[in-house]
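K.L.:
Here is what each chain is made of, one letter per residue.
There are 2 protein chains.
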Amino acid sequence: MRSFLDVPADSPFPIQNLPYGVFSRDDGSDPAIGVRIGDQVLDLAVLEERGLLDAALKGVRVFNQPTLNAFMARGRLVWQAVRARLQDLLSAEGDPALREDDELRDVALVSVAAVTMHLPAAIGDYTDFYSSRQHATNVGTMFRGPEKALMPNWLHLPVGYHGRASSVLISGTDIVRPKGQQKPEDAPPLFGPSKLLDIELELGFFVGPGNDIGTPITMAEAPDHIFGFVLVNDWSARDIQKWEYVPLGPFLGKNFATSISPWVVPYDALAPFRIEGEPQTPEAGNPEPLPYLRQDEPRSLDLTLDVLLDSAAMREANTEPARVARSNACYLYWSPEQQLVHHTVNGCNARPGDLMASGTISGETPDSYGSFLELTWRGSKPITLPSGEERKFLQDGDRVVLTGHADSEDADGPYRVGFGEVEGVVRPARGG
Amino acid sequence: MRSFLDVPADSPFPIQNLPYGVFSRDDGSDPAIGVRIGDQVLDLAVLEERGLLDAALKGVRVFNQPTLNAFMARGRLVWQAVRARLQDLLSAEGDPALREDDELRDVALVSVAAVTMHLPAAIGDYTDFYSSRQHATNVGTMFRGPEKALMPNWLHLPVGYHGRASSVLISGTDIVRPKGQQKPEDAPPLFGPSKLLDIELELGFFVGPGNDIGTPITMAEAPDHIFGFVLVNDWSARDIQKWEYVPLGPFLGKNFATSISPWVVPYDALAPFRIEGEPQTPEAGNPEPLPYLRQDEPRSLDLTLDVLLDSAAMREANTEPARVARSNACYLYWSPEQQLVHHTVNGCNARPGDLMASGTISGETPDSYGSFLELTWRGSKPITLPSGEERKFLQDGDRVVLTGHADSEDADGPYRVGFGEVEGVVRPARGG
Chain A
1 MRSFLDVPAD SPFPIQNLPY GVFSRDDGSD PAIGVRIGDQ VLDLAVLEER
51 GLLDAALKGV RVFNQPTLNA FMARGRLVWQ AVRARLQDLL SAEGDPALRE
101 DDELRDVALV SVAAVTMHLP AAIGDYTDFY SSRQHATNVG TMFRGPEKAL
151 MPNWLHLPVG YHGRASSVLI SGTDIVRPKG QQKPEDAPPL FGPSKLLDIE
201 LELGFFVGPG NDIGTPITMA EAPDHIFGFV LVNDWSARDI QKWEYVPLGP
251 FLGKNFATSI SPWVVPYDAL APFRIEGEPQ TPEAGNPEPL PYLRQDEPRS
301 LDLTLDVLLD SAAMREANTE PARVARSNAC YLYWSPEQQL VHHTVNGCNA
351 RPGDLMASGT ISGETPDSYG SFLELTWRGS KPITLPSGEE RKFLQDGDRV
401 VLTGHADSED ADGPYRVGFG EVEGVVRPAR GG
Chain B
1 MRSFLDVPAD SPFPIQNLPY GVFSRDDGSD PAIGVRIGDQ VLDLAVLEER
51 GLLDAALKGV RVFNQPTLNA FMARGRLVWQ AVRARLQDLL SAEGDPALRE
101 DDELRDVALV SVAAVTMHLP AAIGDYTDFY SSRQHATNVG TMFRGPEKAL
151 MPNWLHLPVG YHGRASSVLI SGTDIVRPKG QQKPEDAPPL FGPSKLLDIE
201 LELGFFVGPG NDIGTPITMA EAPDHIFGFV LVNDWSARDI QKWEYVPLGP
251 FLGKNFATSI SPWVVPYDAL APFRIEGEPQ TPEAGNPEPL PYLRQDEPRS
301 LDLTLDVLLD SAAMREANTE PARVARSNAC YLYWSPEQQL VHHTVNGCNA
351 RPGDLMASGT ISGETPDSYG SFLELTWRGS KPITLPSGEE RKFLQDGDRV
401 VLTGHADSED ADGPYRVGFG EVEGVVRPAR GG
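Those protein sequences? They're chains A and B, same order as listed.
FYI, in our numbering the residues of the first sequence are 1 to 432.
FYI, in our numbering the residues of the second sequence are 1 to 432.
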């Protein structure tokens, strides 16, 4: 399939993707919902207003809004109808209603250079899982030793915890270095800027229709409740986290900032990239999950995920960001569907717009780890940047960019589906 | 001070209290905001509509709404002005605008028997602390032994974690027994209804004006950001919790339900009950908190808190609920102000309507513990109910009621300020 619009060959936003986002035009108009195609945004509020989406939406208006929550709540049949309709309107051979209407194209299409992106949803609750086996093993090895690296529960359930919804930030928001309590080895706790500021490379998803409290979402129902995916950078202050986290889990070491990419890639756009996951079978040396958590294959996703870094000095010298890690979503042991099913199995209610993230995604080799904690092995193996600077953890002025993509092809040739970027620059702690 | 309205002598809702809540009349009208006085609700949307609150509210309308968030956001000077105005309108000697207007009283006052209460706010984020020393010591003793009962961080910072906002429920909502994974001692994990369903007796507060991300709330500013208090029952499934909680903290063992009382007692209404807290000084054997956490005395609250229980059989026999514990808010080591200041010291942003709870409040004697886990010491010391039934943890049909109050007096005699109740009945797990 090809669009009538110009889409650069390496763009992660071809007609096969069509991710949703909330944007406002730089002329000051109110935020609305659009899909990205190439370097343009298609304004869905305009298409909706002109009646071009009436059949797909069954007449319910959802796009002239500052969040995707109402559309997320409509469910998978509506998402699929809208997606098919948009592909028809954007394709080189489909419905000419947009393609052959100069005035409409002029109003409905806007360059990404002329818009500001906003959070895609009002996030009711944000949950962070811990679903990469290598990450859990790495962290466990560092903190408890190799024998007790993986806790006894880890292979039986997707371990997760509640994050902070208020501090989920759209890509591009500066990250102020947090202050907090830290505990030196043989001295009383002290207060000051975190010295061990880190990132976590994660894949997140937004919940579509919710469930009533007391009524779990089953594995068969899970795909109807997952709207789409974003990249997540779960900024982490390791020194604050280490002192506070026993016994109730991470808190101030995490909740100062969590950044997400602005374009929500539809669940169905990732279908071509589904692959078999690590077998959850005794034959493979793993316990079989309890029945409620069993999922048919393919349950995994083959998505390349990169961590890029540039320092202030590198940007000054126009040096390209350095790729410090390349990971892949296939390293997740627990799938998004398993995460959602587990989350609601006790009757906990999810709501449209809830965000659930995977936890740090680390592969098996040291260049595929999704955090500096692991990449530098607690700072014992610093990374050297192209500028000659060394990094154990993040310094003020550092910019971290996470990207993700997957390649496929159809009858018209190869194409790439991607997330774009989630990025943020570390700013100095306030007040010294 | 006395109201011109009839307020029973032992009512926890005299003119000195005036808690806020969201109610709807049984005639089907939209939810609005009211204050409770005695056994009546004063409809603030009506007073606002008639212009009687214009000066206090500076003309901004906030009460004809289904949540208190807008009023919470207005800040303490407005809260104090509205509170003073309402006391003037309700007092026996103040402004006669309500007292002497039969028609207005008829429209603005409604019996609590003729209203349904709703959640007082749209809760953006819910945080649960762990601020009772005896509770932390009890739980630590059971799980780690008496030597390691209190973790090294506990006396240096208010330990807390993020809870689930979606499942915060208004008092009176049934609690469906959760299902989940449990791990028998020498067998693989199994799935089924929780056998160790418990409560936690807590005091919660709603955040007023929020803070910008990156800008902490200081101790001096904290009272301006605390709108008021409710009782919280943090229902807990101990078997689910025990298997899942290492290393990231409680999750499905908690997020199936958290119940709160409907009436938000204003911060200023509790001023008469402030008392000195446990000294946070080396002389008292405690470490002095880091400067950002230091608070002038009195920082504690003398509020009697009761846990009542009746079984289905007791209700059938018209037996009064049994009081199974009497605790007090004075057993909190970390105050609400310290909790809020700590929560934001890393730059985390709070928003109007956020809920923060204290954690289980347990006193020093076994009859003052705020959970069945502690009251029955993990089930080893069952409680005998008036019906002769024994309880280690909660059975289906059990109803738990938490109440709280404090007594004081002024020139007109003694009065009681209280929260009313937060109650819930345990229903059987769905699907057997």
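Simulated from the structure, these hints should not be mistaken for laboratory data.
Certain hints may be false.
One copy or any two copies: either way a pair holds, since identical chains are not told apart in the list.
Claimed, not checked - No more than 30 Å apart at the CA atoms, straight line, and that leaves these computed lysine-lysine pairs for DSSO-like:
1. Lys58 x Lys381
2. Lys58 x Lys183
3. Lys392 x Lys381
4. Lys148 x Lys195
5. Lys148 x Lys58
6. Lys195 x Lys381
7. Lys58 x Lys392
8. Lys58 x Lys242
9. Lys58 x Lys195
10. Lys381 x Lys242
K.L.:
Hint by hint, note whether the structure agrees.
P.N.:
Outcome of the hint check:
Within a single copy, Lys58 and Lys381 get their C-alpha atoms no closer than 57 Å, and across copies no closer than 60 Å, so neither meets the 30 Å cut-off. For a Cα distance limit of 30 Å, the shortest separation of Lys58 from Lys183 qualifies neither inside one copy, at 58 Å, nor across copies, at 48 Å. For a Cα distance limit of 30 Å, the shortest separation of Lys392 from Lys381 inside one copy, 7 Å, qualifies, whereas the shortest one across copies, 52 Å, does not. For the homomeric pair Lys148 and Lys195, the shortest alpha-carbon distances inside one copy (27 Å) and between copies (29 Å) are both at most 30 Å.
Within a single copy, Lys148 and Lys58 get their C-alpha atoms no closer than 54 Å, and across copies no closer than 61 Å, so neither meets the 30 Å cut-off. Taking the shortest Cα distances, Lys195 and Lys381 sit within 30 Å of each other inside one copy (16 Å), while across copies they are farther apart (48 Å). Neither within a single protomer nor between protomers do Lys58 and Lys392 lie at most 30 Å apart by alpha-carbon distance, with minima of 54 Å and 54 Å respectively. In this homomeric assembly, Lys58 and Lys242 never come within 30 Å of each other (Cα to Cα): the closest approach is 51 Å inside a single copy and 47 Å across copies.
In this assembly of identical chains, Lys58 and Lys195 lie within 30 Å of each other by CA distance neither inside one copy nor across copies; the values are 53 Å within and 46 Å between. In this assembly of identical chains, the alpha carbons of Lys381 and Lys242 lie at most 30 Å apart only when taken from the same copy (20 Å versus 36 Å across copies).
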